[in-house]
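*Asks:* What follows is the residue order along each chain.
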Amino acid sequence: MDILWLGVFALLLIGYFALEGFDIGAGMLLPVLGRTQRDRDEIVTAMAPFVLAGEVWLVAVAGVLFGAFPAIEGEVLFGLYPLVVLLLVSWTLRDAGLWFRRRADGSAWRTTWDWAICAGSCGLALSWGMALVALAGGLSGPAIGLLEPAGALVMAALFALHGWTFLSWRLPGRVTGARRTGWALLGSACAAAAPVSVLLAVLAPWLLDHMAPAGTLSVLSVMILPFAPIMVGAQVWVWRMFGPGRAADRIPSFF
Amino acid sequence: MDVLDLARTQFAVTGSLHFLFVVLTLGLAPLIAITHTRYAVTGRPVHERATRFWGQIYVINYALGILTGLVMEFQFGLNWSGLSHYAGDVFGAPLAIETLGAFFLESTFLGLWIFGWHRLPKWLHLACIWAVTLTAYASALWIMAANSFLQNPAGAVERDGHLVLTDFGALLTNPTLTMALPHVLGAGLWTGGFVVLGASAYQLFRRTPERELFTSSLRTGVITSFVGSLITVGFGYAQFGAISGVQPDKFDGGVLPGLGLGFMIMIGQLLQFVIMFALTPAVYWLPRWRWAHPLLMAMTPLPFIAAILGWLARESGRQPWLINGRLTVADAMSPGLTSGMVTVSLIAFGGVLGLLALVDYLLIARTVRRGPAAATLGAGAPADPNERAHALSY
Ligand code: HEM
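Going down the list, the sequences are from chains A and B. Quick note on the working numbering: the first sequence kicks off at 44 and runs consecutively. Quick note on the working numbering: the second sequence kicks off at 356 and runs consecutively.
Hints are not guaranteed to be accurate.
[As the list claims (entries may be wrong)] Have a look at the derived ranges for each label pair, beta carbon to beta carbon:
no., chain 1, residue 1, chain 2, residue 2, range
1, B, Met356, A, Leu196, 34 to 40 angstroms
2, A, Pro287, B, Trp646, 55 to 61 angstroms
3, A, Ala147, B, Gly709, 15 to 21 angstroms
No wet-lab data here; the hints were simulated from the structure. Just so it is clear, CB atoms sit at the ideal spot from N, CA and C, and this is done for glycine as well.
Using the sequences and the accompanying hints, generate a full structural model.
*Replies:* This is the structure we're talking about:
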């Protein structure tokens, strides 16, 4: 049971980096790759259907952290206090940009929210990079040390690569000028998820030491595992529905 | 203010903002699912326009529901780590079940519904909005179960200085849950009904070209708020029985609990009389009574206000306990939390979310004002042949 819930936790966190990482990367690159409003619209349209299904992995991570690792939930979030605040504010800005950018007319409105998407995505990448370094250091060192900025830059580069690959796969030959296959996208997903995977492997014994008692874990298993097929099915459906196989349709985006 | 007051203020501000959006989500979701079903069954364009128009209002509202909800979820660990330390083995379970078994699905299916217009097969697309509705209600169940545990820690015993789950069923049969959940869901329907009512009245007052659509939706708004008010008031009074059992002096102590409760009941009673004896009997003629429409518009915010007052009563009546009789709010605060930390995060969360909430309401008002013709949710492909050259469009 312990292994099962450690596995679920790891899967969700890795899934977040792989599936939300390209949205973050594409958001960071928005002003770089999207020189014109039309290009930016195209980038956002390409990522839009994946955002809701991608970001929800982190919500699930936090839920499992609380349910299956209650002894360290507070320690981790409190230990990373400024980074968690930065992460949440960035996330909020990025999402607000996506939801709002098309809700009113005028180019100033849309440009403003496009910048919010970019700033929010950068904030997400940087806070993740710093948080991973801080976690690797065991939360003991000073909140922002020397290694954190380096970690932030590495994470930002990995997300940017992932976002760039996604756009080259979803919009071949368009905003990036390049074409990438699904395999390349898988590769960049692995790259984006690599740091957190290593961290999880290192922290696994510590996590196992702090699992909720068996009674709680059985309740979680009984209540959640029956939904697992629907959850997986819905995610697969998103990718089948909005992947490049359907590129030919011409539907206005909502984001 | 000391650090404890600041942390409590932060929770009250983000929690109230969150519920303002959630209460409307809960009320609109079933209405949109029903409207979409009518469209799917009859194929009539007026139902499609109605689904897209109300759906757009729903999703704009939903955006802020997510954003405020994210902050809520992480706030426990930031400011109240004592809670997970002492009671995480119990309190964490409903939260984990909510995120995985409900919200994960809700968000995924909502994405499929929003971006699936004209792409998904008709019945599967319809199934998505029903899945969104179901999981939204499941979310409400689990969050209310977690909150009810704080009011009355059923199903757990203390061992070695922290709570252990002994009876999961007791979390769900908690008397502070069984009466409060229908009360909240009723409040959602009431709020959703009033928004539909107010927006329809506005459009009819402005002599909308969409007469048929808004005549019908105004009536839907009346009936929905009628049903919602019966549930809300019935279960509202029923809550007193449960409360007198587990929190007997809940509303005797401070000013806030009594005041919140009093004003909520006043608004509720007054509105219920209006709905029952004026709006519902007149439901057939109401769409044509232009003089009444400004009044209907003016009433729209009242259920929101009552709902926030209800939460203030419920949560401030619990003080000084975080978990009634077990853990005080002061003991639950993260050790080492400083005023500086909370002040910065309070300004960051409160400022950003407050501003976005304002923008969100302006955008909802704009959507209402511009009417169904301007709804972009599920809009068809543009006719411009030049754009057809592109693989993807916008
Ligand atoms: C005439 C009517 C009403 C009565 C007798 C009533 C009764 C109550 C009571 C006793 C509570 C406190 C429960 C606790 O402390 O545990 C409560 C809470 C609440 N009320 Fe009301 N209420 C009424 C009207 C309304 C209306 C009109 C709304 C909103 C549309 C509303 C929304 C809420 C909410 C959201 C809560 C907090 C959650 C809960 O405890 O259910 N109430 N109500």
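*Asks:* Does each hint hold? Answer for all of them.
*Replies:* Status of each hint after checking the structure:
1. Met356(B) - Leu196(A): 34 to 40 angstroms: holds (38 angstroms)
2. Pro287(A) - Trp646(B): 55 to 61 angstroms: Since Pro287(A) and Trp646(B) have Cβ atoms about 56 angstroms apart, the given range 55 to 61 angstroms holds.
3. Ala147(A) - Gly709(B): 15 to 21 angstroms: The hint (15 to 21 angstroms, Cβ to Cβ) holds, given that Ala147(A) and Gly709(B) are roughly 19 angstroms apart.
Every hint, counting from the list given before, is met by this structure.
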